[in-house]
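Protein chains: 2
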Amino acid sequence: MIAVESLLNGNRLALARTLTQIENNTPEGRRVLDELFLHTGQAHLVGVTGAPGTGKSSLVNQLARYYRNPPDGSKSRRVAVVAVDPSSPFTGGAILGDRVRMRDLSGDPGVFIRSMASRGSLGGLAVATSGVVQALDAAGFELVMIETVGAGQAEVDIARLAHTTLVIEAPGLGDDIQAIKAGILEIADILVINKADRPGVENTERALKSMLQLAHPVEHVFQDQVTHHQLYPEQQPTESADVGDERLWEIPLTRTVATTGEGVGKLGVFIDQHRAYLKSGGGWSRREKYRLQSELDSLLQATLVSRWRVSLPKEKYVSTLEQVVRRQVSPWQAVKYLLDGSEA
Amino acid sequence: MIAVESLLNGNRLALARTLTQIENNTPEGRRVLDELFLHTGQAHLVGVTGAPGTGKSSLVNQLARYYRNPPDGSKSRRVAVVAVDPSSPFTGGAILGDRVRMRDLSGDPGVFIRSMASRGSLGGLAVATSGVVQALDAAGFELVMIETVGAGQAEVDIARLAHTTLVIEAPGLGDDIQAIKAGILEIADILVINKADRPGVENTERALKSMLQLAHPVEHVFQDQVTHHQLYPEQQPTESADVGDERLWEIPLTRTVATTGEGVGKLGVFIDQHRAYLKSGGGWSRREKYRLQSELDSLLQATLVSRWRVSLPKEKYVSTLEQVVRRQVSPWQAVKYLLDGSEA
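Chains as they are written, first to last, in the working numbering: chain Z, 2 to 345; chain F, 2 to 345.
Treat the hints as calculated values from the structure; they're not laboratory data. Treat each hint with caution, since some may be false.
One copy or two, either will do: identical chains are not told apart, so a pair holds if it fits within one copy or between any two.
Unchecked claim - Calculated lysine to any residue pairs in the SDA-like style (CA-CA distance at most 20 Å, straight line):
#1 K317 / E6
#2 K337 / R31
#3 K290 / R327
#4 K337 / V306
#5 K315 / N12
#6 K317 / R292
#7 K290 / V319
#8 K337 / W309
#9 K315 / S281
#10 K337 / E251
#11 K290 / R328
#12 K337 / S312
#13 K290 / N26
#14 K290 / Y338
#15 K315 / T304
#16 K337 / R308
Bound-form chain Z, shown alone (with noise of 0.2 Å):
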């Protein structure tokens, strides 16, 4: 049994040994989940995604030292970090290199790294991950920053559980590349260019800032996004009173350097600012529970579905996919027949 009390005082195995119930997806995992629920809600979610090259992990290894050590002589706070690659349903490749590249912070009580591969089913890694970020919020980090590597529609879904989402670009990535920023932008609400020394950095600048003028302000933008997972999409946050009075955020596009640390402090001040224009209007609360309803509607689909097939006698799945593989019923036939019983 883990203790969720060593956890919120800042017990660090406590803390790794719940991560991994939860990664899991075990009724122990479930069981502090419930307990922790209750103090979650303080940190700062930050994802930071974006193409593979663009040094993405260099660039959060960098807001981990600032956040601890603020040139300004702020007040250093506790960071998290969520490695996640969906890429890598098989192997651990990518996160290795993650961890190598964060073993300078590892001896710092204050920062929290933890690196998750893909789960593969359902949504299970979103689920996972989510679950992995309220231990940690409880736990007492003020910035809890979420990685994903690559910029598939797995990216886009862990993004969405953030308060502030970085997507990272980089000079001289080819055309490919150029393509997908069309979609990945939409989700920024900080563009960096990272790699910002190498040659290219003003035609990628130029071009990011004129998809960013075709773009929809970033309210509007945040609605549409919302329309895909939901089960009642008419719970999406929508322009209401509490939205009318409020300035838009205009997305920064800022230049960094993560191998000298140049920009990181810029950046960081930006991402600060961020969560004030959330918190002064009604944005923090909005994606708030935009967050929690993705988690529950990932939820309940998965235990929806785990359900059912616990109580579908395996032999009639197995004649069912056998007639499709003969071709004498169709997939859509086959699936009227398994949920309802009449004749396929």
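Since chain Z is already given, all that's left is putting chain F on it; use the hints.
This is chain F only, laid out in the frame that chain Z set:
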């Protein structure tokens, strides 16, 4: 009403209309799929995936050319291309690029190109892609290439739709991409180093070779890969009697330069050899079965969730979500309440 006969007879307009119905998951689309299904199972499905910047689209374009006019004088084949972009939930960014690049093939009635953006929810894209591929198969395209942009979980799911999966790499794409390879490599039947006229090609080849040596033999890997999304993992392809006497497929590692066409003919030969390999052993039917099972499971899950959603009173959902947002009940407690009706 779409006349299925005209689609089967090669009417492009009927085909295009059908694909739209399938993508939008309309009752008409499902009806046509039910009718078509009997006529599927002929096409060789070739998945093409890899990190951004590797030149996948150009390579697919060249392969289509190759199969239309085989330089060895063998029979021309009808080729369909399905370009899937899971990283673009909001816009059609990358898709446009593909279309432009393939324009020079679009006058050929033996070539059909379809671009698909992400549909968002619940494996919707994989399901829609599967339907589109079935329609193209039934319409008589002998080769259907399924190209995905990116290298995440979505790509892995889509690669599973194919009989033969090409993983495309390119020299000099940086550490992050190197790391991604570790996961994506394991779904490859054929490994391609495109842009092989670039510096660093020897390094890339050496790195891939050593990764290949670390990897499991292909049939074994294929089984591993299956464990993720199945309702009944016991139904995986197993090392049964019909596999025991089969030689293993040695994953070829081959170089191409899509811009000039160099190496494309050789790649085409490898693709045909893999088809022959699958057909001569039990591989073809095992992959067919696996593929159809994946599709059946996805459809079952999606249907299950949408039916339950209809049965749940909206007020109950909304008030439960409110309690979660106020941290009065945890997400797991809310799930229990919504599914079982017991007080959270």
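Hint by hint, here is what the structure shows:
1. K317 / E6: neither (48 Å within a copy, 33 Å between copies)
2. K337 / R31: The answer is between: 12 Å across copies meets 20 Å, while 33 Å in one copy does not.
3. K290 / R327: between (47 Å within a copy, 9 Å between copies)
4. K337 / V306: Close inside one copy (15 Å) and across copies (14 Å); limit 20 Å.
5. K315 / N12: For K315 and N12, the Cα distance exceeds 20 Å both inside one copy (45 Å) and across copies (41 Å).
6. K317 / R292: between (38 Å within a copy, 19 Å between copies)
7. K290 / V319: For K290 and V319, only the inter-copy Cα distance (11 Å) is at most 20 Å; the intra-copy one is 41 Å.
8. K337 / W309: The answer is both: 14 Å in one copy and 15 Å across copies each meet 20 Å.
9. K315 / S281: neither (54 Å within a copy, 31 Å between copies)
10. K337 / E251: Cα proximity of K337 and E251: none, with 49 Å in one copy and 41 Å across.
11. K290 / R328: Between copies, since 11 Å is at most 20 Å while 46 Å is not.
12. K337 / S312: Both. Shortest intra-copy (16 Å) and inter-copy (17 Å) distances satisfy the 20 Å Cα cut-off.
13. K290 / N26: Classified as neither: same-chain Cα gap 23 Å, cross-chain 30 Å, threshold 20 Å.
14. K290 / Y338: between (38 Å within a copy, 19 Å between copies)
15. K315 / T304: both (19 Å within a copy, 19 Å between copies)
16. K337 / R308: both (18 Å within a copy, 12 Å between copies)
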